[in-house]
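The end of the sequence shown is residue 486 by full-length UniProt numbering, with every number in the run present.
It is possible that some hints are incorrect.
The list that follows gives simulated cross-link-like pairs (lysine-lysine, DSBU-like), each with its CA atoms no further than 30 Å apart [claimed, not checked]:
1) K214 - K268
2) K437 - K450
3) K450 - K418
None of these hints come from the bench; they were simulated from the model.
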Amino acid sequence: MPAGERWHPAPTPAHSTSVHDSEDEAFVWSQIKAEAHRDAEQEPALASYLYSTILSHSSLSRSLSFHLGNKLCSSTLLSTLLYDLFLNFFSTDQELRAATVADLRAARVRDPACVSFSHCLLNYKGFLALQAQRVAHRLWNQSRKPLALALQSRISDVFAVDIHPAARIGKGVLFDHATGVVVGETAVIGNNVSILHHVTLGGTGKAGGDRHPKIGDGVLIGAGATILGNVKIGEGAKIGAGSMVLIDVPPRTTAVGNPARLVGGKDKPKRHDECPGETMDHTFEWILLDDKIKLGPTHLLFNHGEARQGTIIHLERVVATGQGIDIRKEKRKGGVESGHPRMQRMAHAFSLSVVFILVVAFFSRAEASNNDSQVKCSRTCVAQNCNTVGIRYGKYCGVGWTGCPGEEPCDELDACCKVHDNCVEKKGLIDIKCHEKFKRCIKKVHKSGKAGFSQDCPYDIAVPTMVQGMDMAILFSQLGSLRDEL
1 MPAGERWHPA PTPAHSTSVH DSEDEAFVWS QIKAEAHRDA EQEPALASYL
51 YSTILSHSSL SRSLSFHLGN KLCSSTLLST LLYDLFLNFF STDQELRAAT
101 VADLRAARVR DPACVSFSHC LLNYKGFLAL QAQRVAHRLW NQSRKPLALA
151 LQSRISDVFA VDIHPAARIG KGVLFDHATG VVVGETAVIG NNVSILHHVT
201 LGGTGKAGGD RHPKIGDGVL IGAGATILGN VKIGEGAKIG AGSMVLIDVP
251 PRTTAVGNPA RLVGGKDKPK RHDECPGETM DHTFEWILLD DKIKLGPTHL
301 LFNHGEARQG TIIHLERVVA TGQGIDIRKE KRKGGVESGH PRMQRMAHAF
351 SLSVVFILVV AFFSRAEASN NDSQVKCSRT CVAQNCNTVG IRYGKYCGVG
401 WTGCPGEEPC DELDACCKVH DNCVEKKGLI DIKCHEKFKR CIKKVHKSGK
451 AGFSQDCPYD IAVPTMVQGM DMAILFSQLG SLRDEL
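Input sequences plus hints: build the corresponding full structure.
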């Protein structure tokens with residue numbers, strides 16, 4: 001199967017929703033064995049591992065128990081002890097086995113990187129952590145809490161997934177990547193939920209008792225999201241990456257931001273028909289209401305490591321049409337006119353900030369490809385790329401070029417860059433005062449009539465280019481400030 005292509009079950013009786021759990025389990029187990037045989041033939045180095053973990057076992061329960069026992073064993077929790085413990089639960093609990101099969105199917109269908117059932121069984125730590133937690137949960141309910149907590153500790157140590165054994169989790173659940181997932185004691189996760197890495201379902205710290213989130217069926221939670229308190233995330237809701245959710249989220253709506261807000265507004269949130277926990281659709285559209293940008297038609301990165309909330313990867317227009325309000329043609333009561341300077345400034349900020357981000361990324365990559373003599377810290381001043389926004393000048397000027405600690409600047413222009421570096425290091429890259437102070441400094445140097453250290457990169461070329469870059473940085477900073485106001 002080509003990489004990146006999602007697997008979909010064929011419409012055979014064995015895959016129909018009416019099939020009995022035991023028949024479904026038998027089918028999945030037969031698929032796992034067939035895949036293991038194929039992999040052993042294609043990769044002899046794994047043949048012994050595949051035989052001991054899958055092919056030598058008579059059932060999925062035995063294979064999974066053996067694998068979990070070997071993964072989670074320690075000097076105090078022997079693999080044989082854990083094997084017997086897991087097998088006792090998996091072999092006697094039909095509901096537990098059905099949940100395992102549903103979790104396998106969830107990973108296989110929803111994750112394009114999951115190339116086979118056997119791959120999920122052997123290598124998906126989110127799946128393995130979830131199966132071990134299901135056993136720990138049953139131990140907890142049997143008042144075997146010390147062993148349940150010991151198992152929780154081993155799951156956290158081995159898989160970097162921390163789920164309290166008292167947490168209740170449905171079936172068909174996908175922990176994609178799973179690293180850094182934390183689920184609190186009284187949390188509840190419904191069926192067919194998909195959760196990405198570094199997600200926290202925690203308490204606020206202000207309350208005891210029932211203090212953790214309740215996640216409905218079919219919910220999708222993006223990477224790095226944090227949901228705190230006894231809040232309800234409705235069926236089919238979507239939580240954007242990096243969001244901080246402290247409120248209830250109605251069914252079939254989307255919450256994004258820090259603190260999280262409902263897309264479309266609290267009174268009339270935008271609703272979707274699909275089940276995001278199954279479709280894995282991390283995108284959404286913001287709309288424009290009055291003079292507040294809730295965003296235009298954009299797509300945001302929510303998956304596979306790109307957890308910075310609000311990272312724009314596609315921008316068509318700032319002013320939304322269709323479901324939004326086109327303020328260029330319409331004046332609403334309590335709204336703004338089409339020529340409102342604030343809206344124009346924000347539109348320019350959006351556009352130029354995207355350009356600035358792309359330029360920074362391009363020249364950062366180009367910088368990395370230069371030879372060692374250009375990148376290595378030295379006391380030799382370097383000037384090049386004077387006709388680009390990604391200018392590199394002296395020891396302290398330019399995108400991705402911070403100079404060497406303790407060295408003196410090459411000239412007065414380079415000294416301005418050093419001051420700017422120190423300023424943004426203390427106050428942050430979006431501090432407008434740092435950028436404006438830098439512009440004044442380099443313009444003063446330019447007007448002085450003095451010559452810089454480099455004949456190849458004179459002030460007449462370097463300064464206008466730097467001013468252009470700082471104008472973009474200032475607009476980007478204004479965008480950040482306006483976003484905080486909204």
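Consistency of the hints with the structure:
Distance restraint check for K214 and K268: the Cα-Cα separation of roughly 22 Å lies within the 30 Å cut-off, and the hinted pair is therefore satisfied. Between K437 and K450 the CA atoms are separated by roughly 20 Å; this keeps the pair inside 30 Å, and the hint holds. Distance hint between K450 and K418 is fulfilled; the C-alpha atoms sit about 19 Å from each other, no more than 30 Å.
Violation of the numbered hints given earlier is absent; every hint is satisfied by the structure.
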